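Undergrad: From first to last, the protein sequence lines stand for chains A and B. Just so you know, we're using this note's numbering here: the first sequence kicks off at 1 and counts up by one. Just so you know, we're using this note's numbering here: the second sequence kicks off at 1001 and counts up by one.
One should not assume that every hint holds.
[Said to hold, decoys possible] Partner residues aside, some chain A positions facing chain B, computed with beta carbon under 10 Å: (1) T72; (2) K149; (3) P181.
For the record, the hints were derived by calculation from the structure and aren't laboratory data. Treat the numbers as computed from the prediction; the structure is a model and nothing was measured. For every residue, glycine included, the Cβ atom is placed at its ideal position computed from N, Cα and C.
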Amino acid sequence: MSESPGQAPRKELGAGLIQYSPESVMPFGPVHPSLKEPEYFKLVLEGEKIVEVIPRIGYVHRGIERAAQERTWIKNVYLFERICGICSFAHSLGYTHAVEGLTGFEVPRRARYIRVIVAELERIHSHLLWLGLVGHWAGFDTLFMWVWKDREKILDLEEAITGNRIHKSYSTIGGVRVDFPDGIADRIRTDLGYIEKRVDYYERLVESEETMSVRTKGVGRITQETARRLCPVGPLLRCTGIARDVRVEDPYAAYDEVPPRVQTSTDGDIASLLRLRLNEVRESCWVVKTALEKLPPGPYKVSVPRAVPQGESTFHVEAPRGELLYYVKSKGGSSPERVKVRASTVANILTATEMLKGYTLADVPIVLTGMDPCFGCMDRVAVLDVDKSKEWSISGEELRDYGIEYYRRGPR
Amino acid sequence: MFKTALEKPVTEEYPFGDKVVTERFRGKLDIDPLKCTGCSVCEIVCPAEVITMVAVGKKTIGTREVEVKRPSFELYTCISCGQCVDDCKFGALTLTHNFELAVFKKESTTMNKALMNDK
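Isolated chain A (complex conformation) (with noise of 0.2 Å):
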């Protein structure tokens, strides 16, 4: 590639290494008015197109899955619900039904219908809060306004079904904790017929918009090969037209009864997303409006022992932003073993950072909004540290020539 003086000149170091040259760098983060939360992305820059993106996780680490050895079952509910603020039900519930797998207890009928209302009334609230930023970082700021002032009304119903607004501590191990309350099924309908009525018009809106349409159409936008390469979950899945959903693929609580139609779109940029989510809400209040229905007479909650039989279980739940993926092993004691969560957007990040090439610095904010990045919940795996990773990242080719080699002198 030929040197100009507005190009970033690059040089191969070989092992598949490219050193970039300091003036093309640009830090994005850790702390940054378009992330709600601390993380690092150094963006490589030619002119003010991004060619190379470069994310450094590992901010917001709190310890928690350390933490959670140290307590008993029951109090790690309420300490992976606060793993995430926007999806903590999906937390939760990932949590307990692995931890039901290994009990061995049948949750009641009930309790799984109630799980699945609360579960997509906080679907819904994270696709209209995520709709209200995209549009504050489109400019749009009347967008986030009207969006999230129908948000607070799903914020409601879940404060009057679970006692609390985002933090619910409502599914615990063997079901529900509270039952669900009478004489609220005519307001959750009337609330989410008017969160229907207010989606076609924001899909209306989104479409005829010049703001929107100039930010959002063709932003951001990757290839279904991409997306099968990167495998991220969930939306940013669904947006390139694979139809992915937990809810269907294996249904837990009680989604094999209400199984919720898989909404896709396919042009995979922002504009896509945003139809998409709004598909999903529809259909979210669908859901809930059949589960509502089909509601079941009976208990909400088995009693469960405090001590958790010896084993390994594994359950994926599928949260507003994918598949999230708990992980749990006992000893047989009052706490567990270890246990492990991937959060979604662990499995998302790689393709934001396909997502962004070949777009300009200002498509930044609005892409990985897009993405609906939750990176507390992410930041639980082992940190990588970019800056030291020239020195021991090396190619797949040098790797398996180590590998040869290291066993050809013989273990030591």
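Dock chain B against chain A, hints included.
TA: Frame of chain A; chain B shown alone:
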């Protein structure tokens, strides 16, 4: 857009008006000292480790002399999850609807109600 302009503001007028919370709202923890037996279950289950049991005296059961314990609450770390309320077999604990928890001194957040009334 004009319709929205004519609506009244969605913002609640708190603190100038009343803030109505739902029936299930989990606010400040409260204890009925007369019902508490000092069984320590709340201390064991509390995820935020708010509760410490304090020995307030001794009593004789048969021939044995045992300590009488009562809970003390550090309410500034309370997450209002209500697990202690669920597990209290004597109905001594309740979650009130009070959410105005700001105080001038940190010591004022410690609730020693159970210690004082018990003799």
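Undergrad: Which earlier hints turn out false for this structure, listed by number in ascending order?
TA: none
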